[in-house]
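Construct all of the structure, not just a fragment, from the sequences and the given hints.
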Amino acid sequence: MKGIEKADSFNFNPHKWMLVNFDCSTMWFKDPTFVINTFNVDPLYLQHDMQGSAPDYRHWQIPLGRRFRALKLWFVLRIYGVENLQKYIRSHIAQAHEFEALVLSDSRFEIVAEVILGLVCFRLKASNDVNEALLKRINGAGNIHLVPSKINDVYFLRLAICSRMSESSDILYSWKEIKQRADEVLEEHSVSK
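With UniProt numbering, letter number 17 in the sequence shown gets 17, and the count goes up by one each step, no holes.
Calculated from the structure, these hints are not laboratory results.
For every residue, glycine included, the Cβ atom is placed at its ideal position computed from N, Cα and C.
Heads up, some of the hints might be wrong.
[Stated by the list, open to error] Quick list of simulated restraints, FRET-style, between CB atoms: (1) Gln180 with Asp31: 18 to 28 Å; (2) Glu187 with Glu5: 48 to 58 Å; (3) Lys2 with Val82: 19 to 29 Å; (4) Glu114 with Ser190: 39 to 49 Å; (5) Val35 with Glu110: 23 to 33 Å; (6) Glu5 with Leu186: 39 to 49 Å; (7) Glu114 with Glu5: 18 to 28 Å.
Laid out in structure tokens, this is it:
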């Protein structure tokens, strides 16, 4: 990732894309001293003879203890291995680009942000109200579910490719559903004008 060398911390949620169930989050600090000093709790009853011999992760967060979430990530890494995880993620990226191509093939739609990973941000070339109506219609039909976002007051829809079972046929199904709902919404809005 370009510019990663400038980061002083990095947080990643394996439960979103690495076959790990909710919740699982990994955190890296260039210098953990700042976070340790912020969250340090060291009352007498928690002191012991082995203090300082290993990182004490209770000082890395607000709660004193934490659930052991690392084991489920460890199992995924052991079972799938790096190459199979790469293959899995790359297939989702390819599916995102398939969806991007479908969006670009319809002049009524536009891509809002460059498709880099498994997220496609798109919208109808229409007002925010029309795009909100489209999202409501898509989600109301109950066949697929999308979520919105807004950047610089531009409302758009987000299609995230992150299901373990996702295939190209799902992308085509989603696109047909989106186009059908877009036809309905655009017809209604052209009649109401």
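Results of checking the hints against the structure:
1. About 52 Å separates the C-beta atoms of Gln180 and Asp31, a value inconsistent with the hinted range of 18 to 28 Å.
2. Checked against the given bound of 48 to 58 Å, the beta carbons of Glu187 and Glu5, roughly 51 Å apart, stay inside it.
3. About 22 Å separates the C-beta atoms of Lys2 and Val82, a value consistent with the hinted range of 19 to 29 Å.
4. Checked against the hint of 39 to 49 Å, the pair Glu114 and Ser190 fails, with Cβ atoms roughly 31 Å apart.
5. Judged by the Cβ atoms, the range 23 to 33 Å given for Val35 and Glu110 is violated: they are separated by roughly 41 Å.
6. Judged by the Cβ atoms, the range 39 to 49 Å given for Glu5 and Leu186 holds: they are separated by roughly 46 Å.
7. Distance hint for Glu114 and Glu5: a CB-CB separation of about 21 Å, consistent with the stated range 18 to 28 Å.
In this structure, the earlier hints numbered 1, 4 and 5 are contradicted, and the remaining ones agree with it.
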